[in-house]
Amino acid sequence: MLLFLVLGALIVAFFRTQVLRSTAYALQSDLNRLRPIPVPAPRGTIYDRNGRIVADNLPGYALLLLPAPRDSIRSTLRRLAPVVGLTSAHITALLAKQAAQPNQPLVVSNDLSFQQLAAVEERRQRFPGVFIDMRPKRRYPAGRAAAHLVGYVAEISEEELKLPQFRSFTQGQLVGKAGLERQYEAVVGGTPGMRYVEVDAHGRIVGQFAPRTLLPYVEGKPLRLHLDLELQEWVARIFPDSMRGAVVAIEPVSGHVLALYTNPGYDPNQFVGGVAPELWRQLNADPSKPLLHRAVTGLYPPGSTFKLATAAIGLELGVVDPEGFMPIPCRGGLQYGNRYFKCWQAKGHGFLALPDAIRQSCDVYFYQLGLKIGLERFLAEGTRLGFSRRTGIDLPVERAGNFPDSPDWFRRRFGWKPTPAEALSLAIGQGPNDQTPLKMAHFYAALAGDGSVGPARLAVDGDSVEAPALDLHLSARNLEVLREGLRRVVGPGGTALSASLEHWDLLGKTGTSQNPHGPDHGWFVGMAGPRGGKPEIIVSAILEFGEHGTAAAQFVAKTADFYLRRRYGMPVDTIQTLREHLIAGRPVPWARWQ
Amino acid sequence: MAVIHRLRIAFGDPVLILLVLGLSFFGVAMVYSAGQLDVPDLVVAGVWKMQLLWLALSLLVFLLVVRIQTRWFEWVAIPAYALSLLLLAATLVIGTGLGTARGTKSWIDVGPAMIQPAQFANLATILMLARVMGSWREPPASLATLAKPVTIVAVPMGLVMLQPDLGTAMVFGAILLATLFWAGTPLGLLFLLLSPLVGLFLSFQPWLFALYMIALTAFLYFYRTFFWEAAVIWLANIAAGTVAVPLWNSLEPYQRARLLVFLDPGIDPRGAGYHVIQSRVAIGSGGLLGKGFTHGTQKRLAFLPEQHTDFIFSVIGEELGFFGTFAVLTLFGIILWRLVRASERLADPFAGIVVFGIFGAWFAHVIVNIGMTVGVMPITGIPLPFLSYGGSFLLASFIALALVQRFTAEQGKI
Chain A
1 MLLFLVLGAL
11 IVAFFRTQVL
21 RSTAYALQSD
31 LNRLRPIPVP
41 APRGTIYDRN
51 GRIVADNLPG
61 YALLLLPAPR
71 DSIRSTLRRL
81 APVVGLTSAH
91 ITALLAKQAA
101 QPNQPLVVSN
111 DLSFQQLAAV
121 EERRQRFPGV
131 FIDMRPKRRY
141 PAGRAAAHLV
151 GYVAEISEEE
161 LKLPQFRSFT
171 QGQLVGKAGL
181 ERQYEAVVGG
191 TPGMRYVEVD
201 AHGRIVGQFA
211 PRTLLPYVEG
221 KPLRLHLDLE
231 LQEWVARIFP
241 DSMRGAVVAI
251 EPVSGHVLAL
261 YTNPGYDPNQ
271 FVGGVAPELW
281 RQLNADPSKP
291 LLHRAVTGLY
301 PPGSTFKLAT
311 AAIGLELGVV
321 DPEGFMPIPC
331 RGGLQYGNRY
341 FKCWQAKGHG
351 FLALPDAIRQ
361 SCDVYFYQLG
371 LKIGLERFLA
381 EGTRLGFSRR
391 TGIDLPVERA
401 GNFPDSPDWF
411 RRRFGWKPTP
421 AEALSLAIGQ
431 GPNDQTPLKM
441 AHFYAALAGD
451 GSVGPARLAV
461 DGDSVEAPAL
471 DLHLSARNLE
481 VLREGLRRVV
491 GPGGTALSAS
501 LEHWDLLGKT
511 GTSQNPHGPD
521 HGWFVGMAGP
531 RGGKPEIIVS
541 AILEFGEHGT
551 AAAQFVAKTA
561 DFYLRRRYGM
571 PVDTIQTLRE
581 HLIAGRPVPW
591 ARWQ
Chain B
1001 MAVIHRLRIA
1011 FGDPVLILLV
1021 LGLSFFGVAM
1031 VYSAGQLDVP
1041 DLVVAGVWKM
1051 QLLWLALSLL
1061 VFLLVVRIQT
1071 RWFEWVAIPA
1081 YALSLLLLAA
1091 TLVIGTGLGT
1101 ARGTKSWIDV
1111 GPAMIQPAQF
1121 ANLATILMLA
1131 RVMGSWREPP
1141 ASLATLAKPV
1151 TIVAVPMGLV
1161 MLQPDLGTAM
1171 VFGAILLATL
1181 FWAGTPLGLL
1191 FLLLSPLVGL
1201 FLSFQPWLFA
1211 LYMIALTAFL
1221 YFYRTFFWEA
1231 AVIWLANIAA
1241 GTVAVPLWNS
1251 LEPYQRARLL
1261 VFLDPGIDPR
1271 GAGYHVIQSR
1281 VAIGSGGLLG
1291 KGFTHGTQKR
1301 LAFLPEQHTD
1311 FIFSVIGEEL
1321 GFFGTFAVLT
1331 LFGIILWRLV
1341 RASERLADPF
1351 AGIVVFGIFG
1361 AWFAHVIVNI
1371 GMTVGVMPIT
1381 GIPLPFLSYG
1391 GSFLLASFIA
1401 LALVQRFTAE
1411 QGKI
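Line by line, the protein sequences are chains A and B.
Just so you know, we're using our numbering here: the first sequence kicks off at 1 and counts up by one.
Just so you know, we're using our numbering here: the second sequence kicks off at 1001 and counts up by one.
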């Protein structure tokens, strides 16, 4: 009796467990053995304006550790260390990462080499919880040439994970860290999917990974750029490795950026899958600051290139007659108040009209123009033209120019009231005024067209984004006067004659950026187009320690020439400027000396 | 009919032998399945061959033992009992642990195999008890008469506890109760014998203990016991009540944990409760029809601990579902019922007590082992007869079966 009672009770217990509550236990058994793994989405390909690839994906291998107690993660990492080359510092960092998101698989490496892959697979049994995942790996075909511009991707950091825009991100996920990759993360990033793998009680992955996808990933969308990658690479080619500086090329009217080059740079491909600490240290310690994106964050006194801004303001306000002379001829300087303001040409320029004042870069002419405008109006107009703002280019990092927005600025910054004499310094691009190469190119782009230019833009997707356009409020006649001045700079008696081109009209302005720490920086901002036509490309170049703008003018001329030759289907030549023709001993029938 | 009659005379109850044989081969199959893991464990994977070998040996021994006369077993009880005590004592010195019971001293290494003397001591103790109780002319009326059987059990039980193997020690208790019951001991007396244990458990709840002591006093008063006996029992209960807490504190942490986890498996899901939870998940996820032979995921992925020994029934539950567990429980029910039936029909008191003692032992094994897989019994780590992997127990069980069959065969001859 007792026997059947007890056995009956057991049968009831089994009936309850296996029949009545079976679903709950079946679910628990699935939870036991299935571990979710995020499936990274392939990032969208980035194309330039001609469909050339700026960034795409290669198949890569990532090594992940499934969630497990800290001790077992630690011991697995120790055992992995010799196989995949982890230092104890690595392990500490990885453990910290795991502690931050203990329920996510820990990404040990995002870029496993084939040797490492084989070594791990061979010792599979020894590495519980190790999961090797084929995931797309970013590739930057242009390498150094577009480094700062395109940026790079890397694992999201602890700090970034806390930011609201990365709320949906998980540890180990790749994210754009700089440049376009960062700016357009929402476009090219895609959405990671989720899948399950089967693990045993020791966390070892079993089965054929028959991936049960819970959530398919959404591939990143392609990103089309206005950039001309070939031009960018050309700039990188002609720019001397030893020099520091930047070159920016912009299309007139639209403001589309054709090239945005900074030297020195780095190879973003080396950053994929985690930058080696030695390389990172080396890049940071390098006195030439290769990580600095000079084209958009380098601030340089604009020097004489700013005289066009002074002239534009003067013409807009109507305080200057473009054909008339200034009251005082240039005798090598100008006495104002108790100070004598020198012209760069000690022997003086005499009486000059505006186009020739631009050609000669006569300081005395522009001192007087500055005085005519007056400090207050000068600052107000300069501010309206955006010299104290960012251009709003579609990049995550850009520095605003330094430019006083009002006389009060001096009191806030320096603690004194400015005298009208400040206008003299500012008129020739000195004083408290620093601009980026991008800003100067953007300003000249307005001069090149009808006096206005759209916001500086790298990506087609960025066109809809709100950003300040630039309008000089100048008549076509006044613009032509300014361009005539620029044309004469690269003409007979101009400061950049040696940069003139065989097939194209080159216009531009040299500048010397005074550098208290060493040799002056050389500026050239120019524009070029078919002979007698409108400029079709604007290029600004700064050469640190370049002394004067003539060297920079060569780069601008060569950049514009390369672009225009391709645009008009002409063969590309490396002998482009007048100077190069002369050195190469070629005839220069187009050159006008007088 | 004639053939069956001849078989009955040679091997005893055909139902019993056939069921046991079927169960044993099914056991080998399940041990094979238990070795099929996704990340193969070479030791466990090959263990079914060992089990088959042990089964062959057991059948051989069965055929030999079944030819031995009942009286000879009565005679051999004393030397067998003495030998088993000696072996148990030796185990404490030269014994080793195995598997998850690595920390204990339960096995003796005899070269080709590991022997677990406690499994044979079980049988020897049953024989010894039967020999003593079989000579009783009338049912025991006082606790004093129970002193001898209690001592017979207490010595090997104590030695097994020292290994320590709590589960097997409990089986000794079950054997004592079963044989005493079959020898005609009044239930009241059995209760008095167990009362200190009851007092021990109740002492954790002071007011419950007080209530119990009042009830006990009343019971002693109305159950016409001898005064001194009553006094001893009363004092023993008081003592149990007072030593319980210090005794609890003297338990090994894992023993304490197991008892606590029995009460609430959720206490420590990664530690002591892990076995119960994983076993219950395995059984529960098997559902009505199971995941299929060798296809249990809990087992394949090594979530199930001791899947070829103590938790073989969880594998059955996971892979064969409720139908499997129901069928196996029914088989055990029939086997145990045949044992009770056999002991009822045996005229020889010695034989009857032996058979019922074996019933008590197997019943304890079945209930405690199967109960623990589904979480209604604490985890004590005792094997399931004929199914769990384990040579000594299989051999001892077949020797016990041979005894039962011989007794019934002789009865049939008379």
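In case anyone wonders, no lab produced these hints; they're calculated from the structure.
In this text, a Cβ means the ideal position worked out from N, Cα and C, and glycines have one as well.
Be a bit skeptical, because a hint or two may be false.
Partial chain B-side listing against chain A, Cβ under 10 Å, derived [unchecked claim]:
{"id": "1", "residue": "ARG1280"}
{"id": "2", "residue": "GLY1284"}
{"id": "3", "residue": "LEU1336"}
Holds or violated: is the Cβ of GLY1284 of chain B closer than 10 Å to a Cβ in chain A?
-> Interface hint status for GLY1284 of chain B: holds (2 Å vs cutoff 10 Å).
Going by Cβ atoms only, is LEU1336 of chain B closer than 10 Å to chain A?
-> holds, 6 Å
Per-residue hint verdict: ARG1280 of chain B, partner chain A, C-beta under 10 Å | Holds. Min distance 6 Å.
Hint compliance for this structure: no hint is broken.
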